[in-house]
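So you can see what is in the structure, the chains are spelled out below.
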Amino acid sequence: MPEPVIALEGLTREFPADPPVRALSDVFLEVLPKDYLAIVGPSGSGKSTLLNVLGLLDTPTSGSYRIDGIETTTLRDGERTKLRGSRIGFVFQSFHLLAHRSVAENVMLAEVYRSRGARERRNRRARALEALERVGLSHRVDFLPDRLSGGERQRAAIARALMGGPSLLLCDEPTGNLDSRNTGAVLDLFDELRGQGLTIVVITHETEVSDRAQRRVRITDGVLVEE
Amino acid sequence: MDLRDLLNEAMAGMLARPVRTALTTLGTVLGITTLVITLGVAATAGNQIVGRFDALTATTVTVEVAENAKAAVEWDAVDQVTRLRGVTSAAAVAETKKSANLSVRSNKIIDPTRVTDQTLTVVATSTGLPGAVKGSMIQGRYFDAGHLARQDKVVVVGEQAAKMLGITRPDRAPAVFIGKHAYTVIGVLGAMQREKNLGTAVMVPPTIGKRFGIKDVTRVLINTSLGAADLIARQAPTALSPGNEAELQVIAPPSPTRARDAVQNDVNALFLILGLVSLVVGAVGIANVTLVTVMERVAEIGLRRSLGAARRHIAAQFLLESTLTGLTGGVIGASLGILAIVAVSAAKQWTPVLDLRLALIAPLAGALVGLLAGLYPALRAARMEPVDALR
Ligand SMILES: Nc1ncnc2c1ncn2[C@@H]1O[C@H](COP(=O)(O)OP(=O)(O)OP(=O)(O)O)[C@@H](O)[C@H]1O
Ligand SMILES: [Mg+2]
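Going down the list, the sequences are from chains Y and L. Those letters in the first sequence? Residues 1 to 227, by the numbering used here. Those letters in the second sequence? Residues 228 to 618, by the numbering used here.
Next comes chain Y alone, as it looks inside the complex (with noise of 0.2 Å):
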């Protein structure tokens, strides 16, 4: 059986309140590399949080989290940083495109922070230029954001995380902005991305998104089952 890229046991995230509010309790859940796992459930009920936990952009309360086999709730704030620039890519359903540059310097923005010598930061655009060919937008490469569609926007900012191979693509609610025919492209786009071989994780409470994936897990009040 291949390592994991996401294994949680026990994870739980309790939110300091009062009383305090348990996000995420007791979570199992096992990620398989070309997994396309969807994760549903009714608003308020842990989504995010449990999103925020795998992209290591949060910490659970209690727990264990491993991704490629390397455990990251006893890791600093910066080794943690470093992982999640290396192996997660995100997709935020505001899309998060810097205004005022160009759709291809906004996907090169993605190795800005993990650069490691001068001959890969002079290729770099070669390399977005190749992500963006990816998701089908090279005709779009010197455009700014605000001009183009909902879609093409969401498909630049997939673009900007495929730059660089992560191991993990984690997804909060990409379709949230976008209209019926939009969200099929970039389902589309995640089903092709899927069969090169990504891992693929979706919030969603779109059913039409969640049905397009091979696994779907819910949680209710911050307990996760498999359906």
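Among the hints, a few may not be true.
[Claimed, not checked] Facing chain L, from chain Y, some residues (calculated, C-beta under 8 Å):
hint : residue
1    : L32
2    : S43
3    : L57
4    : G78
5    : E79
6    : R101
7    : R119
8    : N123
9    : R125
10   : F143
Please keep in mind that the hints were generated in silico from the structure rather than gathered at the bench. Given the structure is predicted, the values throughout are model-derived calculations rather than measurements. Each residue gets a CB set at the ideal place from its N, CA and C atoms; glycine is no exception.
Assemble the complex: chain Y is given as a structure, and chain L with the ligands must be docked to it using the hints.
Chain L with the ligands in isolation, oriented as in the chain Y frame:
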């Protein structure tokens, strides 16, 4: 992270809102301009003042003997002055209206067509004249006490006088005729810093001077050490001629106008404070705008963190942005300041004194202002939790 990438990101952040960045630099521009103008104009004006009140005039005292006071000052009274504390050199000079226009002729007639008869000033002096006029013997030597005692018929000629008379080699003991009598030229005196008109004169010992009616001391030239001129000006008359002080007129350098200097210093200090205050205002401005920028760019900070930016990368970017903003203000301010100094100098016909260090330090001061102003906003940006930033 590559430094070029950091610079690239900071520049992009700065230029994303060019108008805001330009307005943000205004305080720094104002402060740096004020400082550069104040320091630069002070240096330029200071140079002019030094040019006028130089060390030479500040140490020069001249005592004139009133025309009707015959023999008020004895020749050897100069020694009394020389003994005063603060006097570096002194000499007595005698000349009359008559001695100012004496016919002097060189004995060698090389070229018959050349006019060798010159109308020159003849002055009698004490032996210390070369020191008293801060000159030097270009050739030969000055007469000394020995010459006086022996009543030697010797003279020293000024540099231009020597040229006019065609005297080139005093070592060959050339002679000049003053009136009918011949005198041996034993030296040529030149490079005088005061009494420059002696360059066209013939200097004779007092013992010889009597023959031309220059008997009595008419002027005493005194040089003092720096700062002693005031005191010597008061003491010299008594030393020269006790009891006849009223007959002597002392010409002393103007005493330094400290009151005016003090006012000028106050004005300068005021402008310096004004400049510094503007800089502080500029810093607060940059800090404010950078803080607003940080708050506006929370999502961007979150995105960068998600892309693997460490806290120090975020801090470095905002620090660099504010530093570059300050640097821009500093460069503009230094340029405006230097332009103003040149303009003021041109208007006052001064030579602008542009201190290169000022031109280099001013932009750096602007950068420092930006750096300090950016500290707190950068810290705020770096402290942000990625989860909160992305919410
Ligand atoms: N920082 C926090 N402090 C306290 N409580 C929090 C915090 N963040 C989230 N929560 C709580 O944790 C629970 C789970 O929140 P989460 O954002 O994961 O929900 P979600 O499933 O993503 O909902 P939605 O579909 O509306 O985005 C909610 O009840 C929320 O109020
Ligand atoms: Mg959510």
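Going through the hints against the structure:
no.: 1; hint: L32; in the structure: violated (24 Å)
no.: 2; hint: S43; in the structure: violated (15 Å)
no.: 3; hint: L57; in the structure: holds (4 Å)
no.: 4; hint: G78; in the structure: holds (6 Å)
no.: 5; hint: E79; in the structure: violated (10 Å)
no.: 6; hint: R101; in the structure: holds (6 Å)
no.: 7; hint: R119; in the structure: violated (12 Å)
no.: 8; hint: N123; in the structure: violated (13 Å)
no.: 9; hint: R125; in the structure: violated (13 Å)
no.: 10; hint: F143; in the structure: violated (16 Å)
Hint compliance for this structure: hints 1, 2, 5, 7, 8, 9, 10 are broken, all remaining hints hold.
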